[in-house]
Amino acid sequence: MLSFFANPIRFQSLAKWLVPIFGITAFGLIVSAWILGLFVVPIDYQQGETFRIIYVHVPAVTVASLAYAFLASASFVSFVWRHSLADSAAKAAAPIGAALTFLGLATGALWGKPMWGAYWVWDARLTSTLVMFFLFVGYMAIRGAIRDETTRARIAAITAMIGALNLPIIKFSVDWWSSLHQPASLLRAGGPGIDSSMLYPVLMAIVGYGCLFGWLVLLKMLTELDQRRSLTLMRRAAGRIGSSASVQTTEDPNA
Amino acid sequence: MIGDFTDILCRDLLAARRSGGHWAHGAVFFVMFIMLVAFALGPQQSDRALIASALVWLAACLASQLSLAHLFAPDLRDGTLDCWVSDGRSVVSFVLGKCTAHWILVFIPILLLAPFGALMLGAPIADLLALVLSLVIGGPALILLGGLASALCANLRGGGMLIVLISGPLLAPPLIFGVGAAEAGLEAMALLKILGAISLAAAVFGSFISALALKTHLE
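Quick mapping for you: the protein sequence lines, in order, are chains L and Z.
FYI, the numbering for the first sequence is 1 to 255, going by this note's numbering.
FYI, the numbering for the second sequence is 256 to 474, going by this note's numbering.
Next up, chain Z with everything else stripped away, as it sits in the complex:
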């Protein structure tokens, strides 16, 4: 199980290193989103400060979904997953490994950029810690639930559109509690705990159901 997980994780990280920077897509989208939002809202600093954490969360949520169409589809198409299953290796580990690689490649850059984005939108420095903490705790849910939609739609015509349609309702709860936790600050531990519960549930159920969907596509 653990060996399967690290195998796929290392392979994906290596492939990303050789891919010519495709993995930076999410981070670039995040930065552009923040810049365009600032243009859309106008130069008044005071309006933006109120919604800065919500905007950063929204940007992180959308940016983390960007390259999901390519999370499982290539491995399904070129037979990698077929070999994986016929070797008797765990598909749940495969899913978790892929999602962890996606989290490292796409979400960690966003985590590093998030405080700067929030500052540029006018958030006070005191709020940054709660924002980053909520992103750290809620991020896995965003990736795993998006990955679930991606596994369902892997190998389908119109995959990208379908992924958005399926993952949209799934992303509502982490977004609601993530923004809530970021805005309420560090005193509101209850919200962070609910967010953590969503992430853990997504890790257990999301990876299991994703593996089920991928196996169905292989049949």
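Just chain L, with the same shape it has in the complex:
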């Protein structure tokens, strides 16, 4: 299965099918979830209109955590089987995951101010989401610092896997820490059971954000493949025209 799609040509033919499906599903689900959530769903009896930010905030944070799981699994595949496509999937996922995490943190802060009276609380969830944001940033920074392609893939994969090991440990220690340091948390654990008319748009938005993530990752991977191929073609053409030895004509093994 894995090695079947490790072939870039096969991957490309599948991805060209999936890209429009993901794109249209994402667009349809997100737009309809937002229309339902912003205009149709009745206001919350306690939070008033402000609760409507749930339709932006919850899907962002949920899909951001899934994005980290995706990044870590792609890194694992890239590390163990040295698939360059898995590495390029991880590379594509990192900035999108970071953006979603940032969106989640920002909308959470905006929601926190009217609800808890503070933009930021060192609550277990907030803290571990912030750590996850730094894991994404660290992953991108370490990729940016390595020139050699093979070394970059290996070191970046190790970094992503360490983060995946570290996240549950951080979650556990921060849970312990905030339960010790914080008096009765302002967050209601679980909250009052949410009404289904409010819940369905959230679920739609989560699936929509997930499709958006998949759409963007596939688009970025396809773009990278095309980029590599055009680079190889340019090198080959340059080699044919100029017979001087200054132009490298080595074939890119990934193209």
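What follows is a set of in silico ranges between Cβ atoms, one per label pair, in the way DEER data are often shown: (1) Gly415/Z with Phe102/L: 19 to 27 Å; (2) Ile43/L with Leu441/Z: 48 to 56 Å; (3) Ile363/Z with Gly144/L: 35 to 43 Å.
Sample of chain L residues lacking proximity to chain Z, with all beta carbon distances greater than 10 Å (derived): (4) Ala6; (5) Thr62; (6) Leu66; (7) Val80; (8) Arg125; (9) Leu219; (10) Glu224; (11) Arg236; (12) Ala238; (13) Gly239.
Just some of the chain L residues that point at chain Z, by a computed CB distance under 8 Å: (14) Val131; (15) Phe134; (16) Leu135; (17) Gly138; (18) Ala141; (19) Ile142; (20) Ile146; (21) Thr151; (22) Ile162; (23) Ile169; (24) Ile170; (25) Ser173; (26) Trp177.
If you are wondering where the hints come from, they were derived from the structure by calculation, not from laboratory data.
Yeah, the Cβ is synthetic: ideal placement off N, Cα and C, and Gly gets one too.
Using the hints provided, position chain Z relative to the given structure of chain L.
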């Protein structure tokens, strides 16, 4: 394995003796941190006493990370590690030897200074034993996890900044449980045990992953 470990440990200690006191960087940073913190918090003794153990732990945590950028990078650059690997010697032992040398050179001075720092910040004498014990148990985790970040970033452009970015999230758990154990006192053995578990896990996984990263840099 053991021979490899002691070889690298002795070499690093000898190099430190001849280096003109570069190893004292961490200890000096620790002392300056405590002094500047006292200035920042103002002269009221009572406020500082409450957070003295947290501040000493923070100072130890930051000071132990200072010279990590030079932990593996020089050996990677000048080919020492290359020779080491082609001799068929264990890279895990290499990592453990380097980290132990770093612990002896940087962390033991901090351990000796920590009680004085805590006293100057106004901690009661009764709390000192728990503080030093938590530092003894948690210190290896700080060095090994920092060393892991250093191994990943060895030989990279902008290495120092990257090390901080990578090691920051890794250092959160030992810091949380270290400060917790120091503040809770000797009755809270459970916290010290968790801290010890973190240190042991860091020794096993940290050294293994560091060795993996160093080998990748050699390829």
